[in-house]
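Participant: So you can see what is in the structure, the chains are spelled out below.
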Amino acid sequence: MNQFIFSPGAWSIIVLYIFVLLVIGWFGKKARKKESLKEFYLAGNGFGFIVLVLTLYATQYSGNTLLGFTGRAHKVGFSWVMSLHFMTAIVVFYLIFAPKLYTLSKKYSFITPTDYLNQRFSNKGINIIATIIMVLGLINYLLSQFIAMGRLVEGLTDIDPFKAFVIAVVGLAIVMLIYESLGGLRAVAWTDVIQGFILFIGFGVLIALVLNKYGSMGEITQQIFNNPEISKKAMPPAPVVIRGWFSYILIVGMGAALYPQAIQRIYAAKSAKTLRRSLQVMAFFPLTTTLIALVVGIFGIIHFSTLENSDQVLSVMLSDIQNDTTVGYWLVVILFAAVLAAIMSTADSALLAISSMLTKDIYSGIINKTASEETLTKLGKKISIFVVIILIGLAILLRNEPIVKLLDKKFDMLIQLVPAFFIGIHWKRLRPYPVFFGILIGLIIAIGLSLIGHNKPFNIHAGIYGLIVNLFISIGFSLFSKDNEIREIS
Amino acid sequence: MKTRNIILSILFILTFVFGVPWYWDSLDKSITYGFPTWVTASIFSSFLLSCLTAYALRKPWDIEETEEEENNNIK
Chain C
7 MNQFIFSPGA WSIIVLYIFV LLVIGWFGKK ARKKESLKEF YLAGNGFGFI
57 VLVLTLYATQ YSGNTLLGFT GRAHKVGFSW VMSLHFMTAI VVFYLIFAPK
107 LYTLSKKYSF ITPTDYLNQR FSNKGINIIA TIIMVLGLIN YLLSQFIAMG
157 RLVEGLTDID PFKAFVIAVV GLAIVMLIYE SLGGLRAVAW TDVIQGFILF
207 IGFGVLIALV LNKYGSMGEI TQQIFNNPEI SKKAMPPAPV VIRGWFSYIL
257 IVGMGAALYP QAIQRIYAAK SAKTLRRSLQ VMAFFPLTTT LIALVVGIFG
307 IIHFSTLENS DQVLSVMLSD IQNDTTVGYW LVVILFAAVL AAIMSTADSA
357 LLAISSMLTK DIYSGIINKT ASEETLTKLG KKISIFVVII LIGLAILLRN
407 EPIVKLLDKK FDMLIQLVPA FFIGIHWKRL RPYPVFFGIL IGLIIAIGLS
457 LIGHNKPFNI HAGIYGLIVN LFISIGFSLF SKDNEIREIS
Chain V
550 MKTRNIILSI LFILTFVFGV PWYWDSLDKS ITYGFPTWVT ASIFSSFLLS
600 CLTAYALRKP WDIEETEEEE NNNIK
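These protein sequence lines are chains C and V, in that order. If you read the first sequence in our numbering, its first letter stands for residue 7, the second for the next number, and so on. If you read the second sequence in our numbering, its first letter stands for residue 550, the second for the next number, and so on.
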């Protein structure tokens, strides 16, 4: 692999960037008015338009968008244009439940997604199973971000790659922990503003560099068509791949809309108008992010055709560009900061969401219902430390797992919450027990199929099969239920 | 369900289905705007979906009236 090494000057830029994050964390602490869960996990009275849109952007577009998506485009070719659709689908699915959820969150002061479920269904089983699904899903997500952090840095130094991986994961995780413990969601969102801005600039720099260095898109497409060995990467997909598209768009669209950290940002909007406008802007971000990742991966098909590990295509390409000119070198440094920003902004949000759910839904909801807000906030910080230690260990153990593969599994679980959120928020007749058993059986099917080696029967995600049965159970049994108690939700 | 929502839902589904290239000739090698034509069509449909989403979000939600009233009361 064509390696490039950062100079001390380049590293000092990165160190400066990390230092700024810590300073923001400190300001976040100063801005905190009291030790309460709402202050720590939802930043008090909420965010205005700029902060909300950038925190949504930085949280949704992760290190995976830059590293994993370019890798996937390099591997499968133009078919990866479906990533554009599933990222847009996330915002489309918000239309189904975000307006009502926002209204309820203000009325009942929700902090975690489970708060909504508790208010809607008052069923301990649903609360527990939903919290477990969301925490496991997020742990999976966070783990993939940790691995991405390590991989990114290991290619930039001349020390042993394993050592570099460990130092990067441990070091960056500690930085995240510090600013998050200091300022909670306020610090995370404020750092997201910086990170989102750098990420946005980074995508622009990336496409400009790639087009400048490797020529036009039309030439690359023609070259792919002309080479019989790789031409299928540019041809319209076969029916079996098409089924995969539908499956991917549905599972990622619905699953990512249910990310707890995203739901908490719905709660944290200052007003409905702010949230509505932020989502309007979010609808267009796939065209400036995933589309660029696709184009970069496609250029890699021609210029780095022998690359064995597609996840490395971006770093190999950057090293190629960096060696050309001094301007190229510094632009790559900016891009590196952008990738780091993308990873850290997603990871810190996921970590905060895990900590809030374990503290509020598990400890305060089940173990110690009388715990004070101050105790819970302190406990939340300790939980974050514990989760980070476990995940650092796992990241080191699983450092060679492909990133997209790691990400795939959590959506199979998360979409089992679709009936409870998407339907339950509108349809008053949806009952707790059918919802609980729907989720349970949906999970058994999704996980069971994966365990027996059928992750995608007929190229459709196992979670989709689980969801179909889940929907039949929750809607069917609710319709035939004689229980007259209907909970008011509006 | 309001008529506006029904029309929007139908448009969403149509745009989504148009974005997936199930209807394309599997041997097509034409290029439009630098991309294989089926990819350009797919990107265009994604752009339409974004526009549709932004349009659907144009209309104020019911809660915004309540929020405005509350703000006026505070003033």
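Derived by calculation from the structure, the hints in this document are not laboratory data. Treat the numbers as computed from the prediction; the structure is a model and nothing was measured. One thing to keep in mind: the hints can contain errors.
Said to hold, decoys possible - In silico lysine-lysine, BS3-like type, Cα no more than 27 angstroms apart, as pairs:
#1 C:K384 / V:K608
#2 C:K113 / C:K434
#3 C:K112 / V:K551
#4 V:K578 / C:K81
#5 C:K36 / C:K239
#6 C:K113 / V:K578
#7 C:K434 / V:K578
#8 C:K276 / V:K608
#9 V:K608 / C:K434
#10 C:K279 / V:K578
#11 V:K551 / C:K106
#12 V:K608 / C:K279
#13 C:K219 / C:K113
#14 C:K387 / C:K35
#15 C:K130 / C:K39
#16 C:K112 / V:K608
#17 V:K608 / C:K106
#18 C:K387 / C:K36
#19 C:K239 / C:K81
#20 C:K40 / C:K388
#21 C:K239 / V:K578
#22 C:K238 / V:K578
#23 C:K44 / C:K388
#24 V:K578 / C:K219
Participant: Does each hint hold? Answer for all of them.
Facilitator: How the hints compare with the structure:
1. C:K384 / V:K608: violated (41 angstroms)
2. C:K113 / C:K434: With a Cα-Cα distance of about 18 angstroms, the restraint between K113 (chain C) and K434 (chain C) holds, given a limit of 27 angstroms.
3. C:K112 / V:K551: holds (25 angstroms)
4. V:K578 / C:K81: Status holds; Cα separation ~19 angstroms.
5. C:K36 / C:K239: Distance ~53 angstroms between K36 (chain C) and K239 (chain C) Cα, so the pair is violated.
6. C:K113 / V:K578: violated (56 angstroms)
7. C:K434 / V:K578: violated (51 angstroms)
8. C:K276 / V:K608: At roughly 18 angstroms apart (the allowed maximum being 27 angstroms), K608 (chain V) and K276 (chain C) satisfy the hint.
9. V:K608 / C:K434: Roughly 24 angstroms between the alpha carbons, so the hint for K608 (chain V) and K434 (chain C) holds.
10. C:K279 / V:K578: It is violated: about 46 angstroms lies between the C-alpha atoms, which goes past 27 angstroms.
11. V:K551 / C:K106: Roughly 16 angstroms separates the two Cα atoms, so the pair holds.
12. V:K608 / C:K279: The hint holds at about 10 angstroms.
13. C:K219 / C:K113: Violated. K219 (chain C) to K113 (chain C) sits at ~54 angstroms, over the 27 angstroms cutoff.
14. C:K387 / C:K35: Holds, at about 13 angstroms.
15. C:K130 / C:K39: The given pair, whose Cα atoms are some 32 angstroms apart, is violated under the 27 angstroms limit.
16. C:K112 / V:K608: holds (20 angstroms)
17. V:K608 / C:K106: Judged against 27 angstroms, a Cα distance of about 14 angstroms means the pair holds.
18. C:K387 / C:K36: With a Cα-Cα distance of about 17 angstroms, the restraint between K387 (chain C) and K36 (chain C) holds, given a limit of 27 angstroms.
19. C:K239 / C:K81: holds (8 angstroms)
20. C:K40 / C:K388: holds (18 angstroms)
21. C:K239 / V:K578: holds (11 angstroms)
22. C:K238 / V:K578: The given pair, whose Cα atoms are some 10 angstroms apart, holds under the 27 angstroms limit.
23. C:K44 / C:K388: Holds, at about 17 angstroms.
24. V:K578 / C:K219: holds (25 angstroms)
Hints 1, 5, 6, 7, 10, 13, 15 from the list above are not met by this structure, while the remaining hints are.
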